[in-house]
Amino acid sequence: EDKVVQSPLSLVVHEGDTVTLNCSYEVTNFRSLLWYKQEKKAPTFLFMLTSSGIEKKSGRLSSILDKKELFSILNITATQTGDSAIYLCAAAKTSYDKVIFGPGTSLSVIP
Amino acid sequence: DTEVTQTPKHLVMGMTNKKSLKCEQHMGHRAMYWYKQKAKKPPELMFVYSYEKLSINESVPSRFSPECPNSSLLNLHLHALQPEDSALYLCASSQAGGGGNEKLFFGSGTQLSVL
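For the protein sequence lines, the chains are A and B, in the order given.
The opening position of the first sequence corresponds to residue 8 in our numbering, with each subsequent residue numbered one higher.
The opening position of the second sequence corresponds to residue 4 in our numbering, with each subsequent residue numbered one higher.
Among the clues, some could well be false.
Stated by the list, open to error - These stretches of chain A come out as covered by chain B in the derived footprint (C-beta under 8 Å, 3 or more residues):
1) 49-60
2) 104-117
Unchecked claim - Cβ pair distances, simulated, as ranges:
3) B/Ser68 <-> A/Asn29: 21 to 27 Å
4) B/Val15 <-> A/Thr84: 41 to 47 Å
5) A/Gly60 <-> B/His13: 42 to 48 Å
6) B/Ser68 <-> A/Gly60: 42 to 48 Å
7) A/Thr51 <-> B/Lys41: 49 to 55 Å
8) B/Glu61 <-> A/Ser14: 21 to 27 Å
9) A/Lys63 <-> B/Ser23: 43 to 49 Å
10) B/Ser65 <-> A/Thr84: 44 to 50 Å
11) A/Thr51 <-> B/Lys43: 44 to 50 Å
12) A/Ile117 <-> B/Thr19: 41 to 47 Å
13) B/Ser23 <-> A/Ile117: 30 to 36 Å
14) B/His13 <-> A/Thr51: 35 to 41 Å
15) A/Glu33 <-> B/Lys43: 20 to 26 Å
Rather than coming from a laboratory, the hints here were simulated on the basis of the structure.
From the three backbone atoms N, C-alpha and C, an ideal C-beta is built for every residue, glycine too.
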């Protein structure tokens, strides 16, 4: 059975800290790994990773995929209170349009 | 236009009611999805339409009935729901066909309460 696991499930940090969120997956016919941020309702897209070892960056956020060890990390540097959200990791399959979500990491950034 | 629009935003219904959730996108995407999300849980896939045909039904009870009238619209018809069906229902779209097109765009959801 396809599975996406995230850790930690919950995290509280102070503004300015750097955080690392983890995602591991066991998915047949794996195509890509996606990261989303969910603050209130709609998850918003952060990154899509298809190749191992290539870091993707957007401002203070970065992410990398290891297809051999079947995991990805999402780094957030110099955290701000606006980074407080649930961060969802998802795996997309090649064979059809199916995207499987992990349980999410709830990040709280306190001033 | 990179928006997925869902209506209504909130819905309260009784167990004997019939209602519909609507979703619309104008990005030319050919895959559309319904996800169900309970509080503090990840989105759970319900249905996928690919090129207006139902391609995935994740063993969803028949009281949920999806419909894709055209490539821009997706409906979810609700009938005889149970209180445990109360959740946030998210619609999403993508370009379809895998191969790098799996980036999902989500709507803001319909918060459904079943009394």
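Sort out which numbered hints this structure fails and list those numbers smallest first.
3, 7, 9, 11, 13 and 14
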